[in-house]
Structures are given as C-alpha cells and as structure tokens.
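For the sequence shown, the UniProt record's numbering assigns the number 1 to the initial residue and increments by one for each residue that follows.
Among these hints, one or two may not hold up.
[Stated by the list, open to error] Pair by pair, the computed Cβ-Cβ distance ranges are:
hint	residue 1	residue 2	range
1	Y145	V205	48 to 54 Å
2	G111	M250	22 to 28 Å
3	E70	E175	48 to 54 Å
Derived from the structure by calculation, the hints contain no laboratory data.
For every residue, glycine included, the Cβ atom is placed at its ideal position computed from N, Cα and C.
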Amino acid sequence: MTEEQEAELEEQADDADAEGDESAEEAEGLQHGDFVEIDYTAYTAEGDQLVDTTDPEVAEEEGVDDQGQEFKPRTIVLGEGHIFEGVEDALTGSETGDTGSVTIPAEEAFGEHDPDDVQTVSAEKIDEDDRYPGANVQIDGQQGYISTIIGGRARVDFNHPLAGEDVEYEFEILEEVDDREQQAAGLFEMYLGMEPELWIQTDEVEEEVPVEPDEDDEDAEPEFETETVEKETVYLEATPQMTMNQQWMMGKQQIGQQIIDQIGVDRVIVQETIDGMGMGGMGGMMGGMGGMGGGDIEEALEDADVDADEIVEELEGAEE
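Could you put together the complete structure from these sequences and hints?
Structure follows, in structure tokens:
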C-alpha cells in the first residue's frame with residue numbers, strides 16, 4: 001500500500017469517527033421511544049382559551065375541575081403521537097427538569113376552519129333539548145355544534161371547536177420513566193383517564209406448538225405438541241369504573257395491543273373480582289325467583305290472602 005493510500009484510509013477513518021461523535025451528540029437527551037412524565041398547560045395563542053392542562057390549580061381557575069377528570073402529570077411515549085408532533089419535537093433531546101414553550105400552528109393542531117363545514121339544517125333534525133347555540137349535536141353521523149338557531153333552521157359548525165386556532169404549550173419534564181409497571185399504568189391512564197391497579201409477572205404457560213413435518217412425507221397432517229413456555233404478563237384489576245369506561249368498552253383490544261407493543265410484554269390479563277356481600281343465596285334463579293315452583297306460588301298467594309281464581313277471572317275479563 002502506498003503512502004498516499006494509507007493517508008486516504010486514515011482520513012476516511014477520521015471522518016467516520018467525527019460522524020460517530022456527531023451522532024452521539026445528536027442522540028443525547030430524550031429520544032423517540034422514551035417514556036417521560038410531563039406537566040403542561042395549553043392555551044389558544046390569541047384567545048387565551050384553555051385547551052388542556054395537567055395542573056389542578058389551572059383547572060380550578062378555569063372552572064373545569066368539576067368534570068370528573070383528574071389533573072396530574074401524564075406519562076407519554078415520545079414518537080407515538082400521544083401529544084402534538086411539535087411538542088414532541090421540543091421534548092426530544094431535552095433533559096429531566098427542562099421547561100419550555102412551543103406554539104403549534106392551527107393546521108398542525110385542530111386544523112384550519114373550513115367554511116364548507118358550516119351547514120344550515122332543519123331544527124327538526126335536532127333533539128328539542130339541544131336546540132340552543134353551543135350545543136354539541138350529531139347529524140347524519142357528523143359531530144358538530146350549533147352556532148346559531150333561528151326559527152326552524154340551525155347553523156351547525158362541523159369544524160372542531162378550536163379549528164383555526166394556534167395553540168401554545170408550556171411544559172416541564174418531570175422525569176424519565178424507567179419502571180415498566182409505572183409505564184403501563186401511565187399508558188392506561190392516558191387511554192382511559194384512570195389509573196388501574198396492575199402488576200407484571202412471568203408465568204409458565206402450556207401451549208400447543210406445531211411440530212416440523214417429515215420432509216419425505218408430503219401428505220402428512222399438521223401435528224402439534226404441548227410445550228411449557230414463559231409469558232410475561234401485565235395483570236390488572238377491572239374496577240366497575242373501568243368496565244363501564246367507554247374507551248375501554250370500545251377499544252380494549254387496541255389498548256391491550258398498544259400496552260403489549262410499548263411495554264414489551266407477551267399479554268395483558270384483566271381480572272374481575274366479585275366480593276360476597278353477605279346476602280345469602282339467590283334461591284335458584286334458573287327455576288324462577290326464589291326457586292318458586294307452581295306450589296310455592298299458590299302458597300305465597302294464600303299467605304298474602306289473595307284468591308287466585310279471582311285474579312284469573314279479572315285477567316280474562318280484561319282480555320274480553
């Protein structure tokens with residue numbers, strides 16, 4: 001190898017080292033895929049209308065603290081669309097304890113206001129209780145709100161109520177979340193608005209796995225054998241509040257899959273516990289209330305001083 005070739009190789013190696021150093025510098029701070037707990041408050045940039053907040057004091061000041069929502073820091077995964085992309089970009093590369101603000105333009109927030117999405121409809125299409133300006137209504141499968149209503153006609157705006165508004169976020173990064181149970185709890189709270197009791201454990205599970213067929217036997221039927229495998233599982237208790245949650249009822253499969261993918265477990269098991277209330281048995285529900293047979297009904301009528309024949313006569317008279 002000539003001296004010129006050696007010099008060229010050294011130069012290429014130096015360039016590669018420099019690129020590696022730059023990549024390392026670029027990768028500093030929070031990156032996509034990281035779980036992070038944040039506090040934030042968002043207002044419209046011009047109207048100062050509250051869009052969202054995690055601060056209970058702000059919620060109280062704005063009069064939204066009585067809506068059944070818990071206002072506290074939220075856990076999100078960067079790069080998963082859990083918050084506006086512009087906010088994610090501001091968070092990426094930051095460190096725990098950093099604060100900042102970012103303005104999201106209308107087209108990237110709730111969209112531009114489209115005049116074609118404001119339509120005049122007959123008031124007959126709207127429930128009487130909802131015939132007032134500002135009411136949220138659903139017409140022909142579209143969600144909108146009434147801007148004005150005069151006589152038998154209503155102007156319904158099918159744009160998002162915040163369409164056309166730039167949104168300004170102020171945020172603080174509280175911590176990077178490494179504990180997987182805390183990660184899962186944070187995701188459930190984000191999806192459902194509530195934090196269930198949960199834990200992660202590894203179970204040994206028997207499952208059927210296919211057996212490799214004999215290469216010489218083309219007509220061989222597929223065969224299976226039972227193997228014991230380990231499955232990492234997120235267990236959570238299903239409370240009445242959770243089982244009645246609309247988001248859970250409509251999207252439990254998708255939510256479960258998100259947890260599996262983002263936490264890196266094999267499955268999610270939801271457990272429902274029914275505690276005894278000390279009220280005794282239900283008395284044979286399959287045979288009728290209180291397990292009453294025909295004789296029991298007659299005895300009950302006698303105890304109540306009711307003439308069964310009179311009841312039959314009255315019913316027959318009513319039919320006539």
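Here is what the structure says about each hint:
1. Y145 to V205: 48 to 54 Å: 50 Å Cβ-Cβ, so the 48 to 54 Å window holds.
2. G111 to M250: 22 to 28 Å: Hint holds: Cβ distance 23 Å, inside 22 to 28 Å.
3. E70 to E175: 48 to 54 Å: 19 Å, violated
When held up to the earlier numbered hints, the structure conflicts with hint 3 and nothing else.
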